[in-house]
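Number of protein chains: 2
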Amino acid sequence: MDAPPRWLDPEEKAAWISFIRMQETLIGRLSRHVQADSGLSASDYTVLVSLTERGDGRMRFLDLSKRAEWEKSRMSHQVTRMVKRGLVAREECPDDGRGAFIVATPAGYKAIEEAAPQHLEHVRRLFIDALTPNQLNTLGRLSQRILDHMEKQHG
Amino acid sequence: MDAPPRWLDPEEKAAWISFIRMQETLIGRLSRHVQADSGLSASDYTVLVSLTERGDGRMRFLDLSKRAEWEKSRMSHQVTRMVKRGLVAREECPDDGRGAFIVATPAGYKAIEEAAPQHLEHVRRLFIDALTPNQLNTLGRLSQRILDHMEKQHG
Numbered sequence: 010m011d012a013p014p015r016w017l018d019p020e021e022k023a024a025w026i027s028f029i030r031m032q033e034t035l036i037g038r039l040s041r042h043v044q045a046d047s048g049l050s051a052s053d054y055t056v057l058v059s060l061t062e063r064g065d066g067r068m069r070f071l072d073l074s075k076r077a078e079w080e081k082s083r084m085s086h087q088v089t090r091m092v093k094r095g096l097v098a099r100e101e102c103p104d105d106g107r108g109a110f111i112v113a114t115p116a117g118y119k120a121i122e123e124a125a126p127q128h129l130e131h132v133r134r135l136f137i138d139a140l141t142p143n144q145l146n147t148l149g150r151l152s153q154r155i156l157d158h159m160e161k162q163h164g
Numbered sequence: 010m011d012a013p014p015r016w017l018d019p020e021e022k023a024a025w026i027s028f029i030r031m032q033e034t035l036i037g038r039l040s041r042h043v044q045a046d047s048g049l050s051a052s053d054y055t056v057l058v059s060l061t062e063r064g065d066g067r068m069r070f071l072d073l074s075k076r077a078e079w080e081k082s083r084m085s086h087q088v089t090r091m092v093k094r095g096l097v098a099r100e101e102c103p104d105d106g107r108g109a110f111i112v113a114t115p116a117g118y119k120a121i122e123e124a125a126p127q128h129l130e131h132v133r134r135l136f137i138d139a140l141t142p143n144q145l146n147t148l149g150r151l152s153q154r155i156l157d158h159m160e161k162q163h164g
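Top to bottom, those sequences are chains A and B. Here this note's numbering is used: the first residue of the first sequence is 10, the next is one more, and so on. Here this note's numbering is used: the first residue of the second sequence is 10, the next is one more, and so on.
Next comes chain A alone, as it looks inside the complex:
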C-alpha cells in the first residue's frame, strides 16, 4: 500500500484498546481455566465445540477450518494431535473429492460434556456478570453487527 496509514483517532484508539485488551484477558483466562479444569487446550475445546454443537459430531475438514478461521495447516496439526489422544477420528471419503470428515469420538464427547459446565461458570463469572442484561444485549447486538460486516468482506 502506498497511501499513508489512516491512523486511529484518539476515540477510535481508546475503543479498540479497551476491546482488544478485554478480549485478550477474557480468552487468556478462559483458556487457562479450561486447561486446568479438563486438560483440554483452548484449541481442543474449539474443535470439539465446533463438531458437537450442531448435534451430529462430524464436519468436513475444510468446513471445520473455515468455522474456526484457522489456516488448514494449523487445523491439520491440531486434528493429528487430537486423533492421537482419541478425541476425534478422521473418516476418509475418497469417492466424492470433498475431503475427509472429522468426527468426535465417544471420548471426545465425554471430554466436552465434562468441560462445558465449568467453562460456562467461568464465562458467567468473568463476562456475563460484568454487565446488566441491557448492556449485555447491546454488546451482543454490536458484536453481531461487526460479524455481519466481516462476512461481507473477502478476508
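Warning: the hint list may mix true and false statements.
Copies of the same chain look alike in the list, so a pair counts if it works inside one copy or between any two.
[To be verified] Heads up, simulated DSS-like pairs for lysine-lysine below, C-alpha to C-alpha not over 27 Å straight-line: (1) Lys-22 <-> Lys-119; (2) Lys-93 <-> Lys-119; (3) Lys-22 <-> Lys-75; (4) Lys-93 <-> Lys-75; (5) Lys-93 <-> Lys-22; (6) Lys-161 <-> Lys-81; (7) Lys-161 <-> Lys-75; (8) Lys-22 <-> Lys-161.
Simulated from the structure, these hints should not be mistaken for laboratory data. Computed from a predicted model, the values in this text were never measured in an experiment.
With the hints as your guide, set chain B onto chain A.
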C-alpha cells in the same frame, strides 16, 4: 462444583455466541493477515507490541507473561523461538532475583514498525468501519467495564 450449572438463558446465550463468534472471526482474520503481510505470527505480534508500545522495548519476563495472560511455559517457548529469529533478546539479571528482561532488538522494532500500519488497515476495515462512532464508543465502554470487572477477580 456440586451445584448444577447455571445455564445461560436464551438472551445471555445469544449475546455470548455473537460476541465469541465475532471475536474468533476477527482475531483469526487479523492473525492470518499479519502472517501473510509480515511473516509475524499473532504471538510474535503480541510480544513485540507489548515490548514496544511503552517506548522502551523491554519488559521483565514475568510481566510480559502476565500482560499477555499466557502461561509462563507458553511465553518461554515463544521467546526462545523469537530469540532464534533475532526479534528479541534475553538480558539476564542474576543480581536482583526478579528474573530476566526480554528486549526487542532493532530487527524486532523494524518488524513491528513495518507490520503495524497494515495491521491497522485491517483493524479499520474489519472492525472500526462496521460501527458508527457512537456504537464504537459504546463497545469501548462496555469492554472497559468487563475488563475492570475481570481485574477484580482472582483468575
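How the hints compare with the structure:
no., hint, in the structure
1, Lys-22 <-> Lys-119, "between (43 Å within a copy, 22 Å between copies)"
2, Lys-93 <-> Lys-119, "within (16 Å within a copy, 40 Å between copies)"
3, Lys-22 <-> Lys-75, "between (29 Å within a copy, 22 Å between copies)"
4, Lys-93 <-> Lys-75, "within (23 Å within a copy, 32 Å between copies)"
5, Lys-93 <-> Lys-22, "neither (44 Å within a copy, 33 Å between copies)"
6, Lys-161 <-> Lys-81, "within (22 Å within a copy, 38 Å between copies)"
7, Lys-161 <-> Lys-75, "within (15 Å within a copy, 36 Å between copies)"
8, Lys-22 <-> Lys-161, "both (24 Å within a copy, 24 Å between copies)"
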